[in-house]
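Engineer: Protein chains in written order, with our numbering: chain P, 150 to 240; chain S, 163 to 478.
Calculated directly from the structure, the hints in this document are not laboratory data. A portion of the hints provided could be inaccurate.
Pairs of lysine-lysine residues, derived as DSBU-like cross-links and limited to a Cα-Cα distance of at most 35 Å, are as follows [claimed, not checked]:
1) S/433 to S/387
2) P/224 to S/247
3) S/387 to P/224
As the structure is a prediction and not an experimental result, all values here were calculated from the model.
Each chain is listed here by its residues.
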Amino acid sequence: MTVEVRIPTMMRPDAGGQATAQANGSTVAEVLEDLVLQFPRLQGKFTNEDGSLHKFVNVYVNDEDVRYLERLDTKVADGDEIAILPAVAGG
Amino acid sequence: MRHSSVLDLIGDTPLVDVSPLSPNADVRILAKLEGQNPGGSAKDRIALAMVEAAEKDGTLRPGQTLIEPSSGNTGIGLAMVCRVKGYPIRIVMPENVSPERSQLLEIFGASIIYSPGAEGSNGAVRMAQRLADDDPSLAFLYQYANDANPRAHYEGTGPEIWRDCPEVTHFVAGLGTSGTLMGVGRYLKEQNPDVQVWAVEPPAGEMVDGLRNLDDGYIPPVFEKWHGPDLLDRKLIVRPRESITWVRRLVDEVGVFAGISSGAVMAGAAKAAERIDGAGVVVTVFPDGGWKYLSSGAWTDDLDQVEDRARRINYW
Numbered sequence: 150m151t152v153e154v155r156i157p158t159m160m161r162p163d164a165g166g167q168a169t170a171q172a173n174g175s176t177v178a179e180v181l182e183d184l185v186l187q188f189p190r191l192q193g194k195f196t197n198e199d200g201s202l203h204k205f206v207n208v209y210v211n212d213e214d215v216r217y218l219e220r221l222d223t224k225v226a227d228g229d230e231i232a233i234l235p236a237v238a239g240g
Numbered sequence: 163m164r165h166s167s168v169l170d171l172i173g174d175t176p177l178v179d180v181s182p183l184s185p186n187a188d189v190r191i192l193a194k195l196e197g198q199n200p201g202g203s204a205k206d207r208i209a210l211a212m213v214e215a216a217e218k219d220g221t222l223r224p225g226q227t228l229i230e231p232s233s234g235n236t237g238i239g240l241a242m243v244c245r246v247k248g249y250p251i252r253i254v255m256p257e258n259v260s261p262e263r264s265q266l267l268e269i270f271g272a273s274i275i276y277s278p279g280a281e282g283s284n285g286a287v288r289m290a291q292r293l294a295d296d297d298p299s300l301a302f303l304y305q306y307a308n309d310a311n312p313r314a315h316y317e318g319t320g321p322e323i324w325r326d327c328p329e330v331t332h333f334v335a336g337l338g339t340s341g342t343l344m345g346v347g348r349y350l351k352e353q354n355p356d357v358q359v360w361a362v363e364p365p366a367g368e369m370v371d372g373l374r375n376l377d378d379g380y381i382p383p384v385f386e387k388w389h390g391p392d393l394l395d396r397k398l399i400v401r402p403r404e405s406i407t408w409v410r411r412l413v414d415e416v417g418v419f420a421g422i423s424s425g426a427v428m429a430g431a432a433k434a435a436e437r438i439d440g441a442g443v444v445v446t447v448f449p450d451g452g453w454k455y456l457s458s459g460a461w462t463d464d465l466d467q468v469e470d471r472a473r474r475i476n477y478w
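The following block holds chain S by itself, in its conformation from the complex (with noise of 0.2 Å):
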């Protein structure tokens, strides 16, 4: 097939059945590889619905210079968009990352500044906020906070994901900005209101330290305008050695190779299926790819070294 730009590739990702993996027989399992994107995430979805939304409300000119905080994959994303399009970019990213969201930023073109690993991506977003307002000059997205970013999801993810899936009766996906689980979770329950729909997070552990007071607690704007609280349905944790583990089984099982988050919403995903009575089928949306992670050592180091490892690096 033929196209005229890469940013036509964003989107209409496959859905795949990994229902070998599922622990209930009578429950099919079947995930969305975001991965397929070109920029490698979910968050070339929203990189591009963000940056034209921008354009179109006059908020972001040509040549003007954006800033946006990122643990990697929006900054990614937002940075191959800009490069199509002509404009710089700095990314805020904590300093904890894997080495390939770096390497990858940089590939595209994009500027980092680090923030302190220790305040996890809230420390990013608060570095972010306070360089915008430093200087007017620079475009601010706001991934947290910006409404493109769970339409991009409501008009696009939660729409392939009915296409190719109306049996669905539970959606599991990881919350990050939240905006995953507001679009599709509000496209879906509105198709069917009895499709529930479960948060997956990381455990926020180590990696948050730096937070000292609770009034450096963070929720995204997103996820309060889109009401996540009634949206969702549940909401679980699943620990770095779960995540790992579930992302190597990915693998040997039924051959996908995605990334860490994609395992502990893989996780989520089974703690679902072992929980429903009679039939259902899950549908779960994987992030990323598992290339972002090759440093980890996930699939190929001793469990418990990669666990610690994945204590100290923000993998989400």
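The following block holds chain P by itself, in its conformation from the complex (with noise of 0.2 Å):
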């Protein structure tokens, strides 16, 4: 599967500047992956040593938060858009 992902402000520079980047996996877990294949300077970026995910990063596939859904586990299909970032206030 050939997913678009949104790329962070704050994570650019480390992905080569692009906004958007395409990036394949059935899962997020492996999207994610494979970005890190494409950027290794993404390493360490968006999950802890264990494996999980990031506190301050939120991962929305099709703009549903996948913590809610099956974490990094959460399925994608062709088409699908990721995106990553922060987790910030409002109020």
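With the hints as a guide, dock the two chains, each given alone in a separate frame, to form the complex.
Structural biologist: And the structure:
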């Protein structure tokens, strides 16, 4: 599966300055791994050492936060849009 | 009806049926119009609750100056409460909020300290924390960590919704401090564990360009203390264009003049309605009315222009 990934501003310097990238995988975890293969400097930016999602990173598949789906095991399909965003406040 | 203080007008807001906008004929959608509060938003509830809790436990003394980070509505609510009760107040606010928010704060007598717009609310929180640390004479109620925030919704908004709509199956609200979602969500699930709680977030794109690394991220302590990850069933982002489209449909199709974040939660409510199999009742909270966003051109200007503006100005 090929999906488009939106990269947050703060991570773009580690992703060749790109705002979006194409990546392959059938789950969110596989897509993020493929992204790290393309941009090795992203290693460790999304996940903790135990492989879980970093506390201040939110990942969305078609605008839904994967923490409330199947987390990193959330399935992705061809043409899905994945967005990575930092956790922010409102109010 | 006669009241002794404007503060007595806070809460007990109307719930209005906006089902003509439901994409699913079997699902009704009802919206709680928090813009009917005297300071114009849901934040009046937490402003009063936080000030009264601080008066009670002694952290706020007569005449003491308050400081609070806010993208607008909490500041306005607090400024109104402080005007009535005689406390000076300083609000730390991102510089890129709608001009009406600054105007209202000034009208209620607050002084405004601007934080970098590109850091969003996270920047305002950090600056207020620093200023409060530097000057211990200031009272810092800190809405993001103050238990009186979700409690105001647990004791007020939640019971009002249950009283007016016990058939609720889904509750959809915006995620900022998480106070509304935690307070109402917990209350409704205690009444009926099958109620689904959905959170709607703004896309934190260009508005937080100033965040340079992940340590600038922020999760409100209220969200963690009230077990947000367990309480929420779904969380989704709604884009500026979608928010504006729904804010227009609200006026055009059901005559409801609501703020831009209300357009976002309405989009979330419609998504929930689409996915419900069988009958359902979605209850949502419209945090404020449209008045503070007239300058956004949301109802009048070309959609592309408004969308572009919404990417740069913090309307949440």
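Engineer: Please flag the earlier hints that this structure goes against, numbers listed from lowest up.
Structural biologist: Hint 2 alone not satisfied by this model.
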